[in-house]
Amino acid sequence: MIGIYVPGNSGIHRAPAGLKLLLLMLVGTASALLLSRPWQVGAALLIVVGSYQFAGLGWRAPLDQLRPLLWLLAGVAAFNALTSGWAHAVLIVGTVSLLVLLAGLVTLTTRTSDLADVAVTTVRPVGRLGVDPERLGLLLALGIRSVPVVVDLAVEVRDAQHARGLGRDPRAFAVPLIVRSLRHADALSEALVARGADD
Amino acid sequence: MLIEVEHVSHGYGDRRVLDDVSVALDQRRIGLIGPNGSGKSTFARLLNALVLPIRGCVRMDGLDTAREAKAIRRRVGFCFTDPDAQIVMPTVAEDVAFGLRRRGLHRTEVATRVAAALQANGLAEYRDHPAHLLSGGQKQLLALASVLVTEPDLLVLDEPTTLLDLRNARRIADVVAALPQQVVLVTHHLELLTQFDRVLVIDDGRIIADGNPQEATAHYVRQMTR
Chain S
248 MIGIYVPGNS GIHRAPAGLK LLLLMLVGTA SALLLSRPWQ VGAALLIVVG SYQFAGLGWR
308 APLDQLRPLL WLLAGVAAFN ALTSGWAHAV LIVGTVSLLV LLAGLVTLTT RTSDLADVAV
368 TTVRPVGRLG VDPERLGLLL ALGIRSVPVV VDLAVEVRDA QHARGLGRDP RAFAVPLIVR
428 SLRHADALSE ALVARGADD
Chain A
23 MLIEVEHVSH GYGDRRVLDD VSVALDQRRI GLIGPNGSGK STFARLLNAL VLPIRGCVRM
83 DGLDTAREAK AIRRRVGFCF TDPDAQIVMP TVAEDVAFGL RRRGLHRTEV ATRVAAALQA
143 NGLAEYRDHP AHLLSGGQKQ LLALASVLVT EPDLLVLDEP TTLLDLRNAR RIADVVAALP
203 QQVVLVTHHL ELLTQFDRVL VIDDGRIIAD GNPQEATAHY VRQMTR
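These protein sequence lines map, in sequence, to chains S and A.
Under the numbering used here, the first sequence is numbered contiguously, ending at residue 446.
Under the numbering used here, the second sequence is numbered contiguously, ending at residue 248.
Source of the hints: derived by calculation from the structure; they are not laboratory data.
Possibly wrong hints are sitting among the right ones.
Pulled a few chain A residues facing chain S out of the computed Cβ check, cut under 7 Å [claimed, not checked]:
no. : residue
1   : 33
2   : 72
3   : 95
4   : 100
5   : 107
6   : 108
7   : 121
8   : 124
9   : 127
10  : 150
11  : 152
12  : 154
Note that this is a predicted model, so its numbers are computed, not measured.
Ideal placement from N, C-alpha and C gives every residue a C-beta, glycine not left out.
Build out the structure end to end from the sequences listed, making use of the hints.
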């Protein structure tokens, strides 16, 4: 599943969350600015995929990170290949994939609570401006937790759609998915209050 | 904990779900039964201030839910029917730690209490497991562990076994039966209430029977099969 912590004891798992986020920011920025040839992007991708193996995440994990973006990447590749040539298309798609894989590597090897703690610590200095760091951390954790929930809801809605013979009608998919997601959000907010989120 | 519900009415829009309900409860095991839409869940939500009465008042050990909601929620834990809606963190241990972290407990104490809660509920081996990949029964156990780790004086459970198969429902019932805390259990599974001290039957927003489990469930069954 996208971005949910996978337990492990690798060096990447053990590295501090703050350091990983800092490196993600630096490497991400450097990749976007410095990679200018397809072979450079290819080499960087190999290193990142190798890091997934080093973290014990397996060969499928990088593919799982990219799968939801395949159509988008294909579209971007086609557009750039037509307008600027294949080399530019490889560069753009490769760099985007690299950034997604790097972000995935961080979330797969870092507990959400550790990521939230970094967010809380980072935002604390601006707390005086009205930003509640604890709430920001909670928001981050809830965002990550909600990904598999919404995916599960989408699968259930799609199954119900097929069972009722509604084929690929986008309205029959979108409306119940939105309604159920909003219901879930309602129930979640009630649970947050019950569990002391407003303490 | 003494639960005092005095002339409480509540509704959603034009629909009245509780109508001038008054009752005082101090027993260790209290059951709530009634048909769907009778007002049971709303009654349960009154007890930790998730729902506030439109009329009347609810006091928990003398604390008014309308004025002391936060203090009451620290003493009254609530477990929902659907554990998916209650699990707020991505992994098992993180979810159990959630309530403790919000209370500002030290990291070491959080870790100790989380480990104990996971062990007590048979979830120790799933510590870093993604919560959404647990089975239905395990999710409900996680939801229970996440509430119990905060050591509430009273635990309110709103149909915790409704979505579970027989084996998992039995497991949850065993966990609840062994709790040292005072418990208010809303359920459709009448067999869970046989050892309870007091059972209320709610129908159409009113308490229509109140007594020991045998009398109350017999009244309910007669009412439902008439």
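Evaluation of the provided hints:
1. 33: Since the shortest Cβ distance to chain S is 18 Å, the answer is violated.
2. 72: 6 Å, holds
3. 95: 6 Å, holds
4. 100: Status holds, d = 4 Å.
5. 107: 3 Å, holds
6. 108: 4 Å, holds
7. 121: The hint holds - residue 121 of chain A has a Cβ within 7 Å of chain S, the shortest such distance being about 5 Å.
8. 124: Holds, about 5 Å.
9. 127: 11 Å, violated
10. 150: 4 Å, holds
11. 152: 5 Å, holds
12. 154: The hint holds - residue 154 of chain A has a Cβ within 7 Å of chain S, the shortest such distance being about 4 Å.
Checked against the numbered hints given earlier, the structure breaks hints 1 and 9 and satisfies all the rest.
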